[in-house]
Amino acid sequence: MTDPASLKQAVASCDVVFHLAGIRRAAVREDFLRVNAEGTRHLCEALVQAGSHARLVLCGSLSASGPSSRERPHVEEDPFHPAEWYGESKAEAERIVLSYADRLPVTVARPPRILGPGDHENLTFFKLVHRGIRLEIGGGPRPLTLVDVEDVVDLLLLLAERPEALGQSFFVAGPHYLSLEELQDIGAQELGLHPRTVHLPPWVLRALAAGADLITQATGRKLPLNRKLARQLLAPAWTCSGAKAERLLGFRPRRDLRDSIRRSARWYQEKGWL
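Reading the sequence shown from the start, the letters are residues 281 to 554 in the numbering used here.
Derived from the structure by calculation, the hints contain no laboratory data. Some clues are possibly wrong.
[To be verified] Quick list of in silico lysine to aspartate or glutamate cross-link-like pairs, EDC-like style, CA-CA up to 20 angstroms: (1) 508 <-> 526; (2) 524 <-> 441; (3) 551 <-> 461; (4) 407 <-> 461; (5) 288 <-> 325; (6) 502 <-> 364; (7) 407 <-> 325; (8) 502 <-> 356; (9) 508 <-> 356; (10) 508 <-> 364; (11) 551 <-> 372; (12) 551 <-> 364; (13) 407 <-> 364; (14) 508 <-> 441; (15) 508 <-> 372.
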């Protein structure tokens, strides 16, 4: 994404370009923007310079919108209020893509937290359960929109085909929310475990996260907890509405979230990740 010349070659004969590349972790804000945002600009420019008519489907993120309130999920028309650098870079990537809508056929999917085999983002919570700990954060439960990876793929493919999708952004979301506690409970049930509940006040979580970041800075060792994750966990809610995708495209996620969690737990266990 940071080598414009290679992108020109890559898109030369494409009918559809799915842009899923990017970084989730970086030490400084500039790295997120350089790869996720400016890399997206390089891709758009490569398509324009190639005279391509390929449809560009960007995989954005709920993180661009930032946390929601507990009472109301985010909708696509809400302004971006990212809570951290990754979300800021995804918001900028989406702005860049849509700024090319007069020159390229573009569209955007915005997944929330994704479940499924191979997922790293939720692995920490399954590992805690496997070690006998069920985390309960004070002030909760906090609702989360979760989606199965296969439903994300379904929407991406739909966006590649439907004319109604052009120039538009769509959240990938079903009508139901789960909490972190429910995610852990379902995972524990699938693994046949009975973890003990550890109640963690918000100030303790913040202190642990700050300490973990200091260890990472001193040793280079990446720990599962950091201040970014703590801020995400302490947000009032991370929810979004899938009503627009259902209204314009007839799309609604088909996979049951509880089955998705169970499938993830089995996969982690089978692959020795736990």
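Going through the hints against the structure:
1. Proposed proximity of residue 508 and residue 526 is contradicted: the alpha carbons are some 32 angstroms apart, above 20 angstroms.
2. Straight-line distance between C-alpha atoms of residue 524 and residue 441 comes to about 17 angstroms, which keeps the hinted pair within the 20 angstroms bound.
3. At roughly 24 angstroms between alpha-carbon atoms, residue 551 and residue 461 are farther apart than 20 angstroms, so this suggested pair is violated.
4. For a cut-off of 20 angstroms, the pair hint linking residue 407 to residue 461 stands: about 14 angstroms separates their Cα positions.
5. Taking the CA atoms of residue 288 and residue 325, the gap is about 9 angstroms. The hint holds against a cut of 20 angstroms.
6. The straight-line distance between the Cα atoms of residue 502 and residue 364 is roughly 18 angstroms, inside the 20 angstroms bound, and the hint therefore holds.
7. Straight-line distance between C-alpha atoms of residue 407 and residue 325 comes to about 42 angstroms, which puts the hinted pair past the 20 angstroms bound.
8. Straight-line distance between C-alpha atoms of residue 502 and residue 356 comes to about 34 angstroms, which puts the hinted pair past the 20 angstroms bound.
9. Of the supplied pair hints, the one linking residue 508 and residue 356 is violated, its CA atoms being roughly 24 angstroms apart against a limit of 20 angstroms.
10. Proposed proximity of residue 508 and residue 364 is supported: the alpha carbons are some 7 angstroms apart, at most 20 angstroms.
11. For the hint pairing residue 551 with residue 372, the CA-to-CA distance comes to about 36 angstroms; that exceeds 20 angstroms, so the pair is violated.
12. Between the alpha carbons of residue 551 and residue 364 the distance comes to roughly 31 angstroms, so the proposed pair goes past 20 angstroms and is violated.
13. A threshold of 20 angstroms between alpha carbons decides the hint, and for residue 407 with residue 364 the separation of about 25 angstroms lies outside it, so the pair is violated.
14. With a C-alpha separation of about 36 angstroms, the suggested pairing of residue 508 with residue 441 is violated against the 20 angstroms cut-off.
15. Proximity of residue 508 to residue 372 is assessed by CA-CA distance (about 19 angstroms); at most 20 angstroms being required, the pair is judged to hold.
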